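Peer 1: Sequence:
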Amino acid sequence: MADLNININGLSLKNPVLTASGTFGYGTEFQDFIDLERLGGFIVKGTTLKHREGNPYPRMAETPSGMLNAVGLQNKGVDYFIEHIYPTIKDINSNILVNVSGSTIADYVATAEKINALDHIPAIELNISCPNVKEGGMAFGTSCVSASEVVKEVRKVYKKHLMVKLSPNVTSIQEIALAVEGAGADSVSLINTLMGMAVNVKTRKPVLSTVTGGLSGPCVKPVALRMVWQVAKVVKIPVVGLGGISCANDAIEFLLAGASAIQIGTANFIDPTVTIKVIDGINNYLDLNGFKSVKEIIGLI
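Residue numbers (full-length UniProt numbering): 1 to 301.
Keep in mind that the hints are not guaranteed to be accurate.
Claimed, not checked - Below, in silico cross-link-like pairs of lysine-lysine (DSSO-like), each with a Cα-Cα straight-line distance of 30 Å or less:
| no. | residue 1 | residue 2 |
| --- | --- | --- |
| 1 | K114 | K236 |
| 2 | K277 | K156 |
| 3 | K114 | K156 |
| 4 | K205 | K233 |
| 5 | K160 | K76 |
| 6 | K76 | K50 |
| 7 | K233 | K277 |
| 8 | K160 | K233 |
| 9 | K277 | K292 |
| 10 | K14 | K159 |
| 11 | K14 | K277 |
| 12 | K202 | K90 |
| 13 | K205 | K156 |
| 14 | K76 | K202 |
| 15 | K76 | K90 |
| 16 | K233 | K159 |
What the hints assert, rightly or not - For each label pair, taking beta carbons as the anchor points, the in silico distance ranges come out as:
| no. | residue 1 | residue 2 | range |
| --- | --- | --- | --- |
| 17 | V157 | N200 | 43 to 49 Å |
| 18 | A117 | D287 | 40 to 46 Å |
| 19 | I270 | T212 | 34 to 40 Å |
| 20 | K90 | P222 | 14 to 20 Å |
| 21 | I276 | D3 | 14 to 20 Å |
| 22 | D280 | D79 | 22 to 28 Å |
| 23 | E113 | E37 | 24 to 30 Å |
| 24 | L118 | N200 | 41 to 47 Å |
| 25 | D32 | E62 | 31 to 37 Å |
| 26 | F269 | G10 | 30 to 36 Å |
| 27 | G25 | D287 | 41 to 47 Å |
| 28 | D271 | P222 | 20 to 26 Å |
| 29 | I276 | G77 | 19 to 25 Å |
| 30 | E53 | S172 | 32 to 38 Å |
Everything labelled a hint here was simulated from the structure, so no lab data went into it. Since this is a predicted model, take the numbers as computed values, not measurements. Beta carbons are placed, not taken as given, at the ideal position from N, Cα and C, and that holds for glycine.
Given these sequences and hints, build the entire structure.
Peer 2: As C-alpha cells, then:
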C-alpha cells in the first residue's frame, strides 16, 4: 500500500482526492454510497452571503461527453449554512472546504469572515468566476487586477487555507494564477467550467434559460490538463486539478502534469462511488509501478 498522504501548503490530506463544488451537495447526500471519511476532502456547494434562488429552469443540459449548467449558485446563504448544515457535517473526519462566491468584494469578505470562525472548516475555495456587478458583470477572475484585489481583501479576514478557483475563460491563466499567488492565495484550483451553449433545433431556441452556461465533463479534460500543466510550471503554491476526471487514470494524468491534488465533479452524477474507485486506482498504480508515495509522481512531466 502506497502512501497517499499529501500536504498542500499546510492543508493535510489523507489522499489527493477531493470533490468539486456544486457536484457533491453538502456531502451527506452521498453517505449512502461511500464512506466520506475515506476522501481527502470534499468541497460543499457554492455559498453566498445572502439567499440565492438561482437561475430559471431549464438550467442543465446534457452535451456530447459532458454537460452544461447554469444553476446560478442556488443556496440559502452563509448564515443558513452555519446554523443548519455545519452542525450536521462538522464531525466528519475529512477536510471540509466551503466554496465562497459573491457579486462584490464586500460579499466575498463578509462570507469568508463568517466561515473563518468555524473550527471544523480548515479551508475555503474562493470562486472568482463570479460576475463583478460593480464592473459591468465581468468575472473577477478574468482580470489580474480584479482577481488580485478580491483575494487580497479576503486574505485580510480569512486566516486559514485560502484556495482560489480559477476560470479558464481567460487569455492567460498563468498570469491570473501568478496574480492570486501574489495576493496571498495558499493554493489554486483549476479549471472552473468553460463557457458554452446549446440550441434546440426543433424549437429554434437556446436549451438553457440563460442561453450560455458552464461546460464540464470529459470533454473539457484536455483543456483542463493543459492549463494545470501551464500553471504548475509558473507558481510556487500547490495546484489542485479538475476538469473531466472520471477515473483513476484521468487523476494520475493531472498529478503527473503537476497537480498536488485533484477534484472530481461531473463524474459524481454518473457514478456516486467514483471517488473511492479513483483513490483505490491511484494506490494500485503506485504499487504496480514501484512508487512508495503519491508525492513521487507529482509533476513528472
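Peer 1: Determine for every hint whether it applies to the structure shown.
Peer 2: Going down the list of hints, with the structure as the test:
Taking the CA atoms of K114 and K236, the gap is near 29 Å; set against the 30 Å cutoff, the hint holds. Proposed proximity of K277 and K156 is contradicted: the alpha carbons are some 39 Å apart, above 30 Å. For a cut-off of 30 Å, the pair hint linking K114 to K156 stands: about 13 Å separates their Cα positions. With a C-alpha separation of about 42 Å, the suggested pairing of K205 with K233 is violated against the 30 Å cut-off.
Distance hint between K160 and K76 is fulfilled; the C-alpha atoms sit about 24 Å from each other, no more than 30 Å. In summary, the hint linking K76 to K50 is supported, as the alpha carbons are separated by about 7 Å, within the 30 Å threshold. Among the hinted pairs, K233 with K277 is consistent with the structure: their alpha-carbon atoms are about 29 Å apart, no more than 30 Å. Taken as a hint, the K160 and K233 pair is honoured in the structure, with Cα atoms around 25 Å apart against an allowance of 30 Å.
Straight-line distance between C-alpha atoms of K277 and K292 comes to about 19 Å, which keeps the hinted pair within the 30 Å bound. Among the hinted pairs, K14 with K159 is consistent with the structure: their alpha-carbon atoms are about 22 Å apart, no more than 30 Å. Between K14 and K277 the CA atoms are separated by roughly 15 Å; this keeps the pair inside 30 Å, and the hint holds. Note on K202 and K90: the hinted pairing is violated, with a Cα-Cα distance of about 48 Å set against a maximum of 30 Å.
About 45 Å separates the Cα atoms of K205 and K156, which puts this hinted pair outside 30 Å; it is violated. The suggested pairing of K76 with K202 is violated, with an alpha-carbon distance near 36 Å, which exceeds 30 Å. Between K76 and K90 the alpha-carbon distance is near 18 Å, which keeps this suggested pair within the 30 Å criterion. Restraint check for K233 and K159: satisfied, since their Cα atoms lie roughly 27 Å apart, inside the 30 Å limit.
Between V157 and N200 the C-beta distance comes to about 45 Å, which sits within the given range of 43 to 49 Å. Hint check: A117 to D287, Cβ distance near 42 Å, so the stated range 40 to 46 Å holds. At about 23 Å, the beta-carbon gap between I270 and T212 misses the expected band of 34 to 40 Å. Distance hint for K90 and P222: a CB-CB separation of about 38 Å, inconsistent with the stated range 14 to 20 Å.
As the Cβ distance of I276 to D3 is approximately 18 Å, the hint placing it in 14 to 20 Å holds. The beta-carbon spacing between D280 and D79, approximately 38 Å, falls outside the hinted interval of 22 to 28 Å. Between E113 and E37, the C-beta spacing of about 29 Å keeps the proposed range 24 to 30 Å intact. The given range of 41 to 47 Å is respected by L118 and N200, whose C-beta atoms sit roughly 43 Å from each other.
Checked against the hint of 31 to 37 Å, the C-beta distance between D32 and E62 comes to roughly 24 Å, which is inconsistent with it. The beta-carbon spacing between F269 and G10, approximately 31 Å, falls within the hinted interval of 30 to 36 Å. For the pair G25 and D287, the supplied restraint of 41 to 47 Å is violated, since their beta-carbon distance comes to about 32 Å. Distance hint for D271 and P222: a CB-CB separation of about 21 Å, consistent with the stated range 20 to 26 Å.
Range check, I276 to G77: about 32 Å between beta-carbon atoms, so the 19 to 25 Å window is missed. In this structure the supplied range 32 to 38 Å holds for E53 paired with S172, their Cβ-Cβ distance being about 35 Å.
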